[in-house]
Amino acid sequence: MENTETQTDILMETQVETESKSSLLEEYAPIAKDGLWTNNAVFAQMLGLCPLLAVSNSVVNALGLGIATIMVMILSNVSVSLIRNIVRPEIRLPVFVVIIASAVTTIELIIHAWFHELYLVLGIFIPLIVTNCAIIARAEAFASKNTLGKSFFDGLMMGLGFALVLVTLGALREIIGMGTLFANAHIMFGEGMQWLTIEVFSDYEGFLLAILPPGAFIGLAFLLAARNLYEKKRKDKEKQKKQQETLLLNPSA
Amino acid sequence: MFLAQSSPYLQPGLNVSKMMRVVTLLMVPGILTATYVFGYGVLINILLAIVFALSFEAIILYLRKRPVKVYINDNSALLTAVIIGVAIPPLAPWWLTFVGVFFAIVVAKQLYGGIGYNTFNPAMVAYAILLISFPAQMTTYWQTPAMLLSQVDGQTLSLLETVQFQLFSQLPANVTMDALTSASPLGIVRTSVLSGAATIAEIDAQGNAFGVFGGIGTEWVNLAFLAGGLFMLRKGLISWHIPISLLAMLGFLSLLFGSFELDSNPSPMFHLFSGATMLGAFFIATDPVTAATTPKGRIFYGAGIGALIYIIRTWGGYPDAIAFSVLLMNMCVPLLDYYTQPRVYGHKVENNDQEQS
Numbered sequence: 167m168e169n170t171e172t173q174t175d176i177l178m179e180t181q182v183e184t185e186s187k188s189s190l191l192e193e194y195a196p197i198a199k200d201g202l203w204t205n206n207a208v209f210a211q212m213l214g215l216c217p218l219l220a221v222s223n224s225v226v227n228a229l230g231l232g233i234a235t236i237m238v239m240i241l242s243n244v245s246v247s248l249i250r251n252i253v254r255p256e257i258r259l260p261v262f263v264v265i266i267a268s269a270v271t272t273i274e275l276i277i278h279a280w281f282h283e284l285y286l287v288l289g290i291f292i293p294l295i296v297t298n299c300a301i302i303a304r305a306e307a308f309a310s311k312n313t314l315g316k317s318f319f320d321g322l323m324m325g326l327g328f329a330l331v332l333v334t335l336g337a338l339r340e341i342i343g344m345g346t347l348f349a350n351a352h353i354m355f356g357e358g359m360q361w362l363t364i365e366v367f368s369d370y371e372g373f374l375l376a377i378l379p380p381g382a383f384i385g386l387a388f389l390l391a392a393r394n395l396y397e398k399k400r401k402d403k404e405k406q407k408k409q410q411e412t413l414l415l416n417p418s419a
Numbered sequence: 004m005f006l007a008q009s010s011p012y013l014q015p016g017l018n019v020s021k022m023m024r025v026v027t028l029l030m031v032p033g034i035l036t037a038t039y040v041f042g043y044g045v046l047i048n049i050l051l052a053i054v055f056a057l058s059f060e061a062i063i064l065y066l067r068k069r070p071v072k073v074y075i076n077d078n079s080a081l082l083t084a085v086i087i088g089v090a091i092p093p094l095a096p097w098w099l100t101f102v103g104v105f106f107a108i109v110v111a112k113q114l115y116g117g118i119g120y121n122t123f124n125p126a127m128v129a130y131a132i133l134l135i136s137f138p139a140q141m142t143t144y145w146q147t148p149a150m151l152l153s154q155v156d157g158q159t160l161s162l163l164e165t166v167q168f169q170l171f172s173q174l175p176a177n178v179t180m181d182a183l184t185s186a187s188p189l190g191i192v193r194t195s196v197l198s199g200a201a202t203i204a205e206i207d208a209q210g211n212a213f214g215v216f217g218g219i220g221t222e223w224v225n226l227a228f229l230a231g232g233l234f235m236l237r238k239g240l241i242s243w244h245i246p247i248s249l250l251a252m253l254g255f256l257s258l259l260f261g262s263f264e265l266d267s268n269p270s271p272m273f274h275l276f277s278g279a280t281m282l283g284a285f286f287i288a289t290d291p292v293t294a295a296t297t298p299k300g301r302i303f304y305g306a307g308i309g310a311l312i313y314i315i316r317t318w319g320g321y322p323d324a325i326a327f328s329v330l331l332m333n334m335c336v337p338l339l340d341y342y343t344q345p346r347v348y349g350h351k352v353e354n355n356d357q358e359q360s
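Here the protein sequences come in this chain order: U and A. Count along the first sequence from 1, then add 166; that gives the number in my numbering. Count along the second sequence from 1, then add 3; that gives the number in my numbering.
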C-alpha cells in the first residue's frame, strides 16, 4: 500500500510540474487536436452534413466550400469572443445568429466578386453555410467562454477539420466517379492552374453513383466506419497499456 | 442405434441451404431459355457472378470473423448471383458484374449484418446501382433475340467470341455492335408508343416488339420462369400471396388503363410477359428475408410492387421497373408487418382493439 501511495505522489508531482511549465504549445495543442480529430465537426459531432453531402462531388467544389466555412468560423468565433463579456446570456443566441449571418453574407459577397465561376458552381450552398450547426455550436460552446486568441485558433481548427473531411470525401467521390482529381481547378485558382487537373485513370467510363447524392452518403459512411475502426483499435491498445501499467504499479492486485 | 425406427417418418424441414439450392435449380429452365434467346452471354454472366459472389462472401465473412464455411453453404449468395447474372444485359462486360455483385454482397447484404438482416434485396440493389451508374451499358447491351435475327439481319456471337467480348471487349472483325444488339420490347414501347410517336398497331406492323403473346423473345423467358415459379408454389417453397397479388395488380392496372386508350397502352399480356415480370414475381419479390411476412402484408407487398411496376413502366423514366419497385416496397415491409399482424389464436378481436386504443 505504501508503495503505491508514493508512486501516485510521484505521478502527481510530475503533473504539477508540467502544468507550471504550461507553454503556448500546450495550451493550443489540445484545441488543434480537438478540431482536427477528437471532436471533429463531422466525424465526432455529425454536424454540417447538409453542405458536406451536397457539395463534396469534386475536390474543387469541396475546397471552395471548405475555405469559405473556415473563414466564416474564424470570423464568427472572433466576433463572439470579443463581445462575450458585453452580451447578456439571455439574448446571446439571437446575437450569435446575427453575427454568423453577417459573416456568411460577407464571405458570399467576396466569393461572388472575386471567384464568380466558383460562386456559380457552389450556388445556394454558400448562403447555406449559415445553417451549418457546427458554427453556432462553436460560438456557444467555445468562443463565448474563451479569450480572443484561443477562439480564433479554435475557429481555424474546427473549420480546417470540417474542410479536411469535405476534401477527403470530395477526392474519394471524384476519383471513383470521374477518374480525375482537381477537375475544373481553374475556376478557383485561375486559368494558369489548369495543369493541376490529374487524370487518375485514363479511359475511365465513370461511375455515376459516386457523383450522385447516394454516393455522398455511402462515401461518408465508409469514412466514418474507417475512423471508428481506427479509434476502437487505438482505445483497445490504450486499455491494454493501462492494464499493464496498473499491473506493474500494483503487482498484488 | 435408431436404425430400426418404424414408419411414419417425419421429413426434416426445409433448411435455408436446401431451399436456396432448390430455388436456384428451378431457375434453370428460365436460364436455358434466356440462353437460347439472348446467346451465351447469359451463362457467362451467371458464371462470373457466382465466382465473384462466393469470393466476396468468403472474404467479408472472414473479415467479420464469422464461420465462412457455414454461411457459404447456405447458398444465399449463390441465388443472389444467379439472379444478378440473369438480370443484367447478356453482353455486359465483366466489370459490370463485378461492381454489381460487390454492391449486392458486400454493401447490401454483409454490411447490413448478413443473411436475415438485410433490409433490401441484394440482387435488386445491385441492379438499381448499375442502372443508375452505367445507363448506356445496362440498356444497350442486349443481344438481338433469336426470333428477330432473320428479320433484322442481325448477327450473333459464338461462345468463344462472347467470352472474348465480355472479358476483353474485342468484337470479331465483321461484327458491329448495332447488328449485334437491339432494343428490348419494353424499350421500344417506352420510346415510341408512350411518347406518342407511334401507335400500338404501327409498332405491331414493324414486328420487332410484339411476339406471339408478349414481348418478342422475352415472352418465352417469362414463360419458363413462370413454369419454375408454379413448381415452387406447388412444392410449397413460396406462398401464393406475393406473386399472385403482384401479377394480378399489374394485369388489372394495364387492363384498366389499356381499355381507355387502346392505341397507346400495350395489353395486359404484354406487361405480364415482357421484361423481367415473371422472374420478379416468383424469384425476386419472394425473397424470404426482405419480403413481408404476414399473409395480409404479403398481399399488400405484392400488389404494391405490381402497381409500382405499371406506374414506372408507363409514366416513369425507365422501361422496366422490377428493381425500383421491389426496393421501394422493401422499405415498407416493417410497416406492413406491423399493421397486418394476424390475430393470435385465443385473442378476441375486440380485446385487440382495446389494447391498441
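I should point out that these hints are in silico values taken from the structure, not numbers from a laboratory. Cβ atoms here follow ideal geometry from the backbone N, Cα and C, with glycine treated the same way. Please note that a few of the clues may not be correct.
[Said to hold, decoys possible] Restricting the straight-line Cα-Cα distance to at most 25 Å, the calculated cross-link-like pairs of lysine to aspartate or glutamate (DMTMM-like) are:
no.: 1; chain 1: U; residue 1: K398; chain 2: U; residue 2: E411
no.: 2; chain 1: U; residue 1: K398; chain 2: U; residue 2: D200
no.: 3; chain 1: U; residue 1: K408; chain 2: U; residue 2: E397
no.: 4; chain 1: U; residue 1: K316; chain 2: U; residue 2: E306
no.: 5; chain 1: A; residue 1: K68; chain 2: U; residue 2: D200
no.: 6; chain 1: U; residue 1: K399; chain 2: U; residue 2: E411
no.: 7; chain 1: A; residue 1: K68; chain 2: U; residue 2: E306
no.: 8; chain 1: A; residue 1: K68; chain 2: U; residue 2: E371
no.: 9; chain 1: U; residue 1: K311; chain 2: U; residue 2: E256
[Claimed, not checked] Heads up, incomplete: computed chain U residues facing chain A, CB under 10 Å, no partners named:
no.: 10; residue: G343
no.: 11; residue: L347
no.: 12; residue: L378
no.: 13; residue: P380
no.: 14; residue: A387
no.: 15; residue: A391
no.: 16; residue: A392
[Claimed, not checked] Calculated Cβ distances over 10 Å to all of chain U for the following chain A residues:
no.: 17; residue: K21
no.: 18; residue: A61
no.: 19; residue: V73
no.: 20; residue: V102
no.: 21; residue: V110
no.: 22; residue: L170
no.: 23; residue: P175
no.: 24; residue: S198
no.: 25; residue: C335
no.: 26; residue: P345
To see whether the hints hold, each was checked on the structure:
For a cut-off of 25 Å, the pair hint linking K398 (chain U) to E411 (chain U) stands: about 20 Å separates their Cα positions. Taken as a hint, the K398 (chain U) and D200 (chain U) pair is honoured in the structure, with Cα atoms around 17 Å apart against an allowance of 25 Å. Restraint check: the Cα-Cα separation between K408 (chain U) and E397 (chain U) comes to about 16 Å, which is no more than 25 Å; the hinted pair holds. For a cut-off of 25 Å, the pair hint linking K316 (chain U) to E306 (chain U) stands: about 14 Å separates their Cα positions.
This hinted pair does not check out: K68 (chain A) and D200 (chain U) have alpha carbons roughly 33 Å apart, beyond 25 Å. With a CA separation close to 18 Å, the supplied pair K399 (chain U) and E411 (chain U) stays within the 25 Å bound. For the proposed pair K68 (chain A) and E306 (chain U), the alpha carbon gap of about 44 Å is over 25 Å, so the pair is violated. Between K68 (chain A) and E371 (chain U) the CA atoms are separated by roughly 35 Å; this puts the pair beyond 25 Å, and the hint is violated.
Our distance criterion of 25 Å between C-alpha atoms is met by K311 (chain U) and E256 (chain U), whose separation comes to about 15 Å. Given the 10 Å rule on beta carbons, the hint for G343 (chain U) holds: about 9 Å separates it from the nearest Cβ of chain A. Violation of the interface hint for L347 (chain U) is found here, the shortest Cβ-Cβ separation to chain A being roughly 20 Å, above the 10 Å cut-off. Using the Cβ-Cβ criterion of 10 Å, the hint placing L378 (chain U) at the interface with chain A is satisfied: the shortest such distance is roughly 7 Å.
A least Cβ separation of about 8 Å between P380 (chain U) and chain A falls short of the 10 Å threshold, and the interface hint therefore holds. The restraint placing A387 (chain U) at the interface with chain A holds, with a minimum CB-CB distance near 9 Å, inside the 10 Å limit. Checking A391 (chain U) against chain A: minimum C-beta separation of about 9 Å stays under 10 Å; hint holds. Using the Cβ-Cβ criterion of 10 Å, the hint placing A392 (chain U) at the interface with chain A is not satisfied: the shortest such distance is roughly 13 Å.
The claim that K21 (chain A) is not at the interface with chain U holds, since no C-beta of that chain comes within 10 Å of its own (minimum 34 Å). Here A61 (chain A) stays apart from chain U, with its beta-carbon at least about 20 Å from theirs, past the 10 Å limit. Consistency note on V73 (chain A): stated as away from chain U, and its beta-carbon is indeed over 10 Å from all of that chain's, at 25 Å minimum. Its beta-carbon lying about 8 Å from the closest one in chain U, V102 (chain A) breaks the requirement of being farther than 10 Å from that chain.
With a least beta-carbon separation of about 7 Å from chain U, V110 (chain A) fails to lie farther than 10 Å from that chain, contradicting its non-interface assignment. Chain U leaves L170 (chain A) outside its interface by the beta-carbon criterion, the shortest separation being 16 Å against a cut-off of 10 Å. Every Cβ of chain U is farther than 10 Å from the Cβ of P175 (chain A); the closest lies at roughly 22 Å, confirming the non-interface assignment. For S198 (chain A), the non-interface assignment is confirmed: its Cβ lies about 24 Å from the closest Cβ of chain U, beyond the 10 Å cut-off.
The Cβ of C335 (chain A) sits about 19 Å from the closest Cβ of chain U, beyond the 10 Å cut-off, so the non-interface label holds. With 10 Å as the threshold on Cβ separation, the claim that P345 (chain A) sits away from chain U holds: the shortest Cβ distance comes to roughly 36 Å.
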